[in-house]
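Q: Spelled out from the first residue to the last, the chains are:
Number of protein chains: 2
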Amino acid sequence: MSLVRLHVEHPLGEGQIVPLDPAQAHYLFGVMRLGMGAEVELFNGRDGAWRAQVAEAGKKRGLLACRTQAGLQQDPPDLWLLFAPLKKARTDFVVEKATELGARRICPVQTEFTNAERIRRDRLQATAVEAAEQCGGTFVPEVTELVRLDRLLADWPEGRALLVADEALAGTGKAAPAGRLPRAPAAMLIGPEGGFSEAERARFDARPNVARLRLGQRILRAETAAVAALTLWQADAGDWG
Amino acid sequence: MSLVRLHVEHPLGEGQIVPLDPAQAHYLFGVMRLGMGAEVELFNGRDGAWRAQVAEAGKKRGLLACRTQAGLQQDPPDLWLLFAPLKKARTDFVVEKATELGARRICPVQTEFTNAERIRRDRLQATAVEAAEQCGGTFVPEVTELVRLDRLLADWPEGRALLVADEALAGTGKAAPAGRLPRAPAAMLIGPEGGFSEAERARFDARPNVARLRLGQRILRAETAAVAALTLWQADAGDWG
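Each protein sequence line maps, in turn, to chains A and B.
Throughout the first sequence, residue numbering follows the numbering used here, covering 1 to 241 in sequence.
Throughout the second sequence, residue numbering follows the numbering used here, covering 242 to 482 in sequence.
The set of hints was computed from the structure by calculation and includes no laboratory data.
On a predicted model such as this, the values are computed, not experimentally measured, just so you know.
Honestly, I wouldn't trust all of these hints.
[What the hints assert, rightly or not] The calculated lysine-lysine pairs, modelled on DSBU-like cross-linking and capped at a C-alpha distance of 35 angstroms, are:
no., chain 1, residue 1, chain 2, residue 2
1, B, Lys-301, A, Lys-87
2, A, Lys-59, B, Lys-301
3, A, Lys-88, A, Lys-59
4, B, Lys-301, B, Lys-329
5, A, Lys-88, B, Lys-328
6, B, Lys-329, A, Lys-88
7, B, Lys-329, A, Lys-60
8, A, Lys-87, A, Lys-60
9, A, Lys-87, B, Lys-328
10, B, Lys-328, A, Lys-60
11, A, Lys-60, B, Lys-300
12, A, Lys-60, A, Lys-88
13, B, Lys-329, A, Lys-87
14, B, Lys-301, B, Lys-328
15, B, Lys-301, A, Lys-60
16, A, Lys-88, B, Lys-301
17, B, Lys-329, B, Lys-300
18, A, Lys-59, B, Lys-300
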């Protein structure tokens, strides 16, 4: 049986004593029924993975004592995922999958054909934490606030390639073939179900360092496109090689 | 606005009159509120996509008249997806995504560490139909009955390559690199959350025409692995090229 994994904010290292917040204490001692001396695996996104033992267990509090390092810190390549928010379950899904597949940052963006006007950033960040706990990773991508696409492009960092997954390309021969995708630092942008507007397409064309990514013959739902695009990039230009 | 798409069993062609079953009539006339003369797009998995008009609209019945062909039949490459059933929502998700990404056949398999002992084949087939309606495709993959992995391997068709996505390879340097995946006819097998048993691994090793597929550094959930594996295969050996 594999150990329960828990993300904490506290520094981790030999001899570190890590206090639990009430939700973590409830999870470890109420839900998972761990007792004194039980082992868990901790990570904080900076110090790798650590085995720790329950040193104090209360209803709403507890302490864990770090014992040995179980794994080195492993950060994913410098890839951002930009996506137009979808319905709740599918937005959660995108965040969960982007965490598993190794995105460095997850940026909800508002495009012209995006209906969402706000997101629950804290809830999406919690989804990323939970996904990192489940997938054995030591890194949690940052989920940023919802930002308008035109603003994001206006401030775009020089040197960061932008790959646009454009459903209008499905079934056409146009666009960058997978197999020669730009290296990190990079970002990929998944449009909303309604696709991009003509003005947005023109804005992409006018920028340097933008490539269109074609994802096959069939039209993919936005969340499928996100997973497929991350997979292709990781296999081709990321750390799956 | 794009047309409502509907999968039917009836042959499609110029002048064909297509009768609706009660569920389809309810969907078109009750839910989507289509009236006489309204257009829909039909496909049956064999005759391509056809524009049709409502010629009779009742509460539990209706007729559609085929007008013009809107697209040729497009079958995906001969790729099967074999996967160990997960919890309900995640199993539905795998079927939906495999349809979008272009699998020819979807085969739930029972491995040693699979808990599921039965599936609702009819419900999963309906999920595949709905996914095909949504993604603009003209093909619906067949969802087969749950079968034991050892039986499936005993009857394995000669000449069909088997790619095994093995989570035990995450973080190791072993296994076939993406980029040189076997062509069609092929199948990919996604294991259960608990991975494959030693006996199963030995059985893979003993067969010709089996390759292991490594999906990156991190451990992917089974449904993520299914989407990632299908994507890599389509981009490398399928019809995304």
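Q: Confirm or reject each hint.
A: How the hints compare with the structure:
A hinted pair counts as satisfied when its Cα atoms are at most 35 angstroms apart, and B/Lys-301 with A/Lys-87 qualifies at roughly 31 angstroms. Between A/Lys-59 and B/Lys-301, the direct Cα distance comes to roughly 57 angstroms. Violation of the 35 angstroms bound is thereby established for this hinted pair. A C-alpha spacing of about 32 angstroms is found between A/Lys-88 and A/Lys-59, which places the hinted pair at or below 35 angstroms, so the restraint holds. Taking the CA atoms of B/Lys-301 and B/Lys-329, the gap is about 30 angstroms. The hint holds against a cut of 35 angstroms.
Taken as a hint, the A/Lys-88 and B/Lys-328 pair is honoured in the structure, with Cα atoms around 19 angstroms apart against an allowance of 35 angstroms. As the CA atoms of B/Lys-329 and A/Lys-88 are separated by approximately 18 angstroms, the hinted pair is consistent with the 35 angstroms bound. For the proposed pair B/Lys-329 and A/Lys-60, the alpha carbon gap of about 33 angstroms is at most 35 angstroms, so the pair holds. The straight-line distance between the Cα atoms of A/Lys-87 and A/Lys-60 is roughly 34 angstroms, inside the 35 angstroms bound, and the hint therefore holds.
Taking the CA atoms of A/Lys-87 and B/Lys-328, the gap is near 21 angstroms; set against the 35 angstroms cutoff, the hint holds. Our distance criterion of 35 angstroms between C-alpha atoms is met by B/Lys-328 and A/Lys-60, whose separation comes to about 31 angstroms. Between A/Lys-60 and B/Lys-300 the CA atoms are separated by roughly 57 angstroms; this puts the pair beyond 35 angstroms, and the hint is violated. Annotation: proposed proximity of A/Lys-60 to A/Lys-88 holds, straight-line Cα distance about 30 angstroms (limit 35 angstroms).
Distance check on the hinted pair: B/Lys-329 and A/Lys-87 sit about 19 angstroms apart at the alpha-carbon level, within 35 angstroms; holds. Annotation: proposed proximity of B/Lys-301 to B/Lys-328 holds, straight-line Cα distance about 34 angstroms (limit 35 angstroms). Using a Cα cut-off of 35 angstroms, the hinted pair B/Lys-301 and A/Lys-60 is violated, with the two alpha carbons roughly 57 angstroms apart. Annotation: proposed proximity of A/Lys-88 to B/Lys-301 holds, straight-line Cα distance about 33 angstroms (limit 35 angstroms).
A distance of roughly 32 angstroms separates the Cα atoms of B/Lys-329 and B/Lys-300; the hinted pair therefore holds under the 35 angstroms criterion. Straight-line distance between C-alpha atoms of A/Lys-59 and B/Lys-300 comes to about 58 angstroms, which puts the hinted pair past the 35 angstroms bound.
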